[in-house]
Amino acid sequence: MSISAAPEPSVSLRRRIKRFMSDQPLVPLLILLALLVIVLQILRPGIVNERWIANTIKFAIPLALLAGCQTMTMLTGGIDLSVGTVATMSAFIMSTQVIDHSPAVAILICMIPAVLIGVANGIGVGIFRVHPLIMTLGTSLIGIGCLQVYQRTVIATGTKVPDFLGWLGTGLSYGIPNALLLFVPAAGLIIFTLSRTGFGRLLYAVGDNEKAARLSGVVYWKVITTLYVISSLLAGIVGLLYVGLIKAPSLSLVEPLVLPSVAAAVIGGTSIFGGRGGYTGTILGALILTVLTTLLTVLQMPEGARRMLFGLIILLVTAAYLRIVEDR
Amino acid sequence: MTTSPLLDATGVAKNYGAVAALRNASLSVLPGEVHALMGANGAGKSTLVKILTGAVSADSGSILIRGQAHEIRSPAQARRAGLVSVYQEPALIPDLDVASNLRLTRTPVEPFRQWVRELGVPDLDLGETARDVPLAIQRVLDLARALAIEPDVLLLDEMTAALPSDLAEKVLDVVRRQAQAGRSVIFISHRFLEIAALCDRATVLRDGETVGVVDIEPGVEERIVELMLGSRMEKARASAADADDGRQSGTTPRIGVRKLRVGAKLQDVSFDLHNGEVLGIVALEGQGQDQLFGALSGSTRPSGGVIEVDGQAVEFAHPTDAVAAGIAYVPGDRADALLMQQSVHHNIALPFSANPRSWGPIDTGRERDIVRSAIERLQIDTRAQGEVQRLSGGNQQKVTIARWIAADARTILCFDPTRGIDVRTKKEIYQLLRQLAEQGKSILFYTSELEEVQLVCDRVVVIFGGKVVDIMPAGIASEAVLTRASYGLPRDAKPASDTSAVNASDKLGPS
Numbered sequence: 001m002s003i004s005a006a007p008e009p010s011v012s013l014r015r016r017i018k019r020f021m022s023d024q025p026l027v028p029l030l031i032l033l034a035l036l037v038i039v040l041q042i043l044r045p046g047i048v049n050e051r052w053i054a055n056t057i058k059f060a061i062p063l064a065l066l067a068g069c070q071t072m073t074m075l076t077g078g079i080d081l082s083v084g085t086v087a088t089m090s091a092f093i094m095s096t097q098v099i100d101h102s103p104a105v106a107i108l109i110c111m112i113p114a115v116l117i118g119v120a121n122g123i124g125v126g127i128f129r130v131h132p133l134i135m136t137l138g139t140s141l142i143g144i145g146c147l148q149v150y151q152r153t154v155i156a157t158g159t160k161v162p163d164f165l166g167w168l169g170t171g172l173s174y175g176i177p178n179a180l181l182l183f184v185p186a187a188g189l190i191i192f193t194l195s196r197t198g199f200g201r202l203l204y205a206v207g208d209n210e211k212a213a214r215l216s217g218v219v220y221w222k223v224i225t226t227l228y229v230i231s232s233l234l235a236g237i238v239g240l241l242y243v244g245l246i247k248a249p250s251l252s253l254v255e256p257l258v259l260p261s262v263a264a265a266v267i268g269g270t271s272i273f274g275g276r277g278g279y280t281g282t283i284l285g286a287l288i289l290t291v292l293t294t295l296l297t298v299l300q301m302p303e304g305a306r307r308m309l310f311g312l313i314i315l316l317v318t319a320a321y322l323r324i325v326e327d328r
Numbered sequence: 001m002t003t004s005p006l007l008d009a010t011g012v013a014k015n016y017g018a019v020a021a022l023r024n025a026s027l028s029v030l031p032g033e034v035h036a037l038m039g040a041n042g043a044g045k046s047t048l049v050k051i052l053t054g055a056v057s058a059d060s061g062s063i064l065i066r067g068q069a070h071e072i073r074s075p076a077q078a079r080r081a082g083l084v085s086v087y088q089e090p091a092l093i094p095d096l097d098v099a100s101n102l103r104l105t106r107t108p109v110e111p112f113r114q115w116v117r118e119l120g121v122p123d124l125d126l127g128e129t130a131r132d133v134p135l136a137i138q139r140v141l142d143l144a145r146a147l148a149i150e151p152d153v154l155l156l157d158e159m160t161a162a163l164p165s166d167l168a169e170k171v172l173d174v175v176r177r178q179a180q181a182g183r184s185v186i187f188i189s190h191r192f193l194e195i196a197a198l199c200d201r202a203t204v205l206r207d208g209e210t211v212g213v214v215d216i217e218p219g220v221e222e223r224i225v226e227l228m229l230g231s232r233m234e235k236a237r238a239s240a241a242d243a244d245d246g247r248q249s250g251t252t253p254r255i256g257v258r259k260l261r262v263g264a265k266l267q268d269v270s271f272d273l274h275n276g277e278v279l280g281i282v283a284l285e286g287q288g289q290d291q292l293f294g295a296l297s298g299s300t301r302p303s304g305g306v307i308e309v310d311g312q313a314v315e316f317a318h319p320t321d322a323v324a325a326g327i328a329y330v331p332g333d334r335a336d337a338l339l340m341q342q343s344v345h346h347n348i349a350l351p352f353s354a355n356p357r358s359w360g361p362i363d364t365g366r367e368r369d370i371v372r373s374a375i376e377r378l379q380i381d382t383r384a385q386g387e388v389q390r391l392s393g394g395n396q397q398k399v400t401i402a403r404w405i406a407a408d409a410r411t412i413l414c415f416d417p418t419r420g421i422d423v424r425t426k427k428e429i430y431q432l433l434r435q436l437a438e439q440g441k442s443i444l445f446y447t448s449e450l451e452e453v454q455l456v457c458d459r460v461v462v463i464f465g466g467k468v469v470d471i472m473p474a475g476i477a478s479e480a481v482l483t484r485a486s487y488g489l490p491r492d493a494k495p496a497s498d499t500s501a502v503n504a505s506d507k508l509g510p511s
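Chains Z and A are the protein sequences, given in the same order. Just so you know, this note's numbering puts 133 at position 133 of the first sequence, and the rest follows in order with no gaps. Just so you know, this note's numbering puts 78 at position 78 of the second sequence, and the rest follows in order with no gaps.
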């Protein structure tokens with residue numbers, strides 16, 4: 001048992017850095033982010049300016065919010081691969097319904113599939129004990145199928161993105177992205193939930209040791225069902241934000257963000273085995289991924305090579321980060 | 001004795017780290033004999049079995065089979081040397097069918113079929129998946145598989161424990177005939193009745209040493225118990241005046257257990273747990289105590305009988321129901337109770353947020369106060385607060401109890417809470433349990449260390465073969481009395497010819 005008191009003077013510098021990193025797991029992430037920005041600035045002098053920062057934040061926000069779904073589900077040892085479908089559905093349904101209804105009604109309607117998929121995920125994982133990977137993949141495919149059927153019925157209607165969503169998604173006020181109006185309260189709420197509410201505690205507890213949680217009176221399926229509904233609702237909101245940013249609803253709108261959202265949570269230090277992690281790291285993970293994408297675009301590589309490099313860097317960063325942070 | 005032993009193990013020793021599991025064990029089995037291996041919990045029985053069958057290797061000592069020295073380093077080597085064992089748990093691979101299981105161990109099929117029939121299972125389908133075969137039949141298949149390869153020495157570990165009486169009879173019959181055919185059987189059992197009916201001699205282990213080899217004859221039970229206890233045998237017994245079972249008989253018990261049955265293991269258990277009482281549970285391994293605690297904590301559904309809380313019959317569908325009734329369970333394995341990656345604080349506060357009504361914001365100030373007072377009360381070493389997995393075993397165990405003190409549970413079910421922790425922490429836990437009882441809480445306390453009963457408990461319930469065999473005040477529950485009771489023998493030493501002794505053990509046979 002390593003119940004060590006204050007570090008002795010003989011402890012090497014390396015060891016002390018390691019201990020520091022393991023106590024402050026966010027520091028290596030901040031360093032990595034700063035390094036990426038510096039490299040970018042060296043490669044393209046002058047690229048890092050106010051506008052670039054605002055743009056990066058704008059694109060990092062939907063990713064960070066989706067990664068919030070992954071963070072919360074991963075804390076329980078799960079994952080939510082249906083977030084892409086849910087977000088796409090809510091975006092597409094809203095932008096078609098808004099033609100006949102007021103935006104508020106359209107938004108209410110588009111949240112129905114999100115809730116349904118969340119409930120299905122929660123029941124499947126929590127009661128029938130389907131592996132979350134399979135369960136959410138299954139509902140995701142079903143959801144996309146339904147959306148294709150739905151598209152036929154509204155093919156003549158056309159689509160529209162309400163102005164306020166465009167304003168929220170792409171607009172800047174005094175050089176600051178408006179999306180932060182949504183992101184800051186949402187992120188604050190997630191961080192508060194995870195650290196200061198009973199529900200948040202249970203996410204860690206269930207992911208750490210389900211049996212112990214059970215013996216303490218925790219009813220697994222209630223926690224899991226609530227969790228997946230929250231995750232789906234958040235994904236639905238991301239869909240609305242994202243369609244405001246891209247302004248072209250399609251049947252695969254948010255799908256490309258799903259795997260990066262998992263990567264952002266993992267890079268941010270959330271364990272896919274549950275019980276360990278937090279949302280602050282995930283936000284940094286999303287920023288790192290966004291900057292990395294810019295960096296690879298700037299390098300002007302062929303698409304294939306860029307993707308290979310992207311995957312490789314994610315693997316290396318995650319492996320290195322785990323080595324730095326784990327103090328064993 | 002002129003015949004040379006078939007199996008002769010001498011001076012066998014095994015250390016696990018600093019703990020000596022076996023110091024100087026010997027076991028000598030003659031051809032054509034059924035030999036019982038006996039010893040109380042922790043005497044080293046299972047270690048010796050593991051060494052003989054090659055599951056672990058001994059640090060020193062020699063094992064001769066038919067006079068030849070053998071190094072047994074793996075179960076396969078043990079098998080080649082002619083020693084085959086049937087373990088306590090079914091050994092068939094559950095997802096394979098019976099035929100594939102046989103192929104896996106290169107068991108000849110025809111002799112296997114014959115043995116299965118002989119053991120009283122006429123209609124076995126070899127194509128059936130092992131998982132679908134009832135547990136009792138699986139044990140029979142395990143035995144048939146061992147018999148089919150015609151071993152010189154057959155080792156049976158609690159073979160009859162899970163069997164209904166007709167199958168058990170058949171098994172005993174077959175074992176007897178094995179011996180008549182000149183082979184040897186090592187028979188491990190907690191049931192004196194079976195041992196008396198089957199075995200020729202018994203080797204008794206205590207604290208990792210062989211302390212005696214006795215011939216099985218009428219009245220030998222007392223001699224065996226004496227050997228198992230050694231110097232702990234207390235001649236002087238407390239006076240009968242202490243034997244007052246009717247404590248608080250006028251008040252409603254906190255928990256009343258009435259004819260409780262759980263599965264096949266727990267058959268008929270009734271007792272009361274009163275407010276302000278520490279009630280001990282004593283049983284040899286596998287007598288149904290796990291199921292009893294499972295049922296009381298809401299983890300396992302009872303198959304019969306009633307559990308009453310404060311006089312009201314209750315049905316627990318989930319541990320959350322038991323927790324709501326103020327009943328907390330501290331499992332024997334700390335890994336089942338702790339969130340290893342979370343802080344001491346979060347571990348103790350876990351029950352607070354279990355109920356959906358308390359899923360909202362946490363009153364951190366209040367929570368900190370409650371948790372801190374629980375930490376102080378149990379004197380948990382908080383230098384490694386960050387993650388519970390960095391705490392010592394004793395401190396981890398304290399956390400599991402502190403949680404329920406913080407949650408103010410009225411009843412705590414402790415399953416062997418002092419196993420594997422240091423002496424000082426043990427003493428602290430004894431004191432704590434006494435204090436809790438003085439505050440009017442009630443505690444059910446299963447222990448595998450019999451001397452703890454008199455240190456902690458007010459009364460003690462002894463369970464054997466899934467039934468309560470004795471309830472006595474702690475005052476007379478010396479280790480000797482408890483050992484005797486936990487083997488199903490009557491409370492006081494009497495000549496075994498006495499009819500009451502026979503009756504008492506009669507009742508306890510497989511039913």
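Keep in mind that the hints were calculated from the coordinates and are not lab data. Keep in mind that the hints are not guaranteed to be accurate.
[Stated by the list, open to error] Cross-link-like lysine to any residue pairs, in silico, SDA-like; alpha carbons within 20 Å at most: (1) Z:222 to A:467; (2) A:265 to A:157; (3) A:50 to A:69; (4) Z:18 to Z:276; (5) Z:247 to Z:181; (6) Z:222 to A:318; (7) Z:222 to A:324; (8) Z:222 to A:69.
Does residue 324 of chain A lie within 20 Å of residue 222 of chain Z when you go C-alpha to C-alpha? holds, 16 Å
Given the hinted pair residue 222 of chain Z and residue 318 of chain A, is their alpha-carbon gap at most 20 Å? holds, 13 Å
Could you grab the alpha-carbon distance between residue 247 of chain Z and residue 181 of chain Z and see if it respects the 20 Å cut-off? Roughly 19 Å between the alpha carbons, so the hint for residue 247 of chain Z and residue 181 of chain Z holds.
Next pair to validate is residue 18 of chain Z with residue 276 of chain Z; report whether the Cα-Cα distance is within 20 Å. holds, 18 Å
Between residue 222 of chain Z and residue 69 of chain A, does the CA-CA distance stay at or below 20 Å? The hint is violated at about 61 Å.
Residue 265 of chain A and residue 157 of chain A were given as a pair; does the straight-line alpha-carbon distance stay at or below 20 Å? holds, 17 Å
Can the restraint linking residue 50 of chain A and residue 69 of chain A be considered satisfied, given a maximum Cα separation of 20 Å? Holds. Residue 50 of chain A to residue 69 of chain A sits at ~18 Å (cutoff 20 Å).
Compare the distance between the alpha carbons of residue 222 of chain Z and residue 467 of chain A with 20 Å, and conclude whether the hinted pair is satisfied. violated, 37 Å
Checked against the numbered hints listed earlier, the structure breaks hints 1, 8; every other hint is satisfied.
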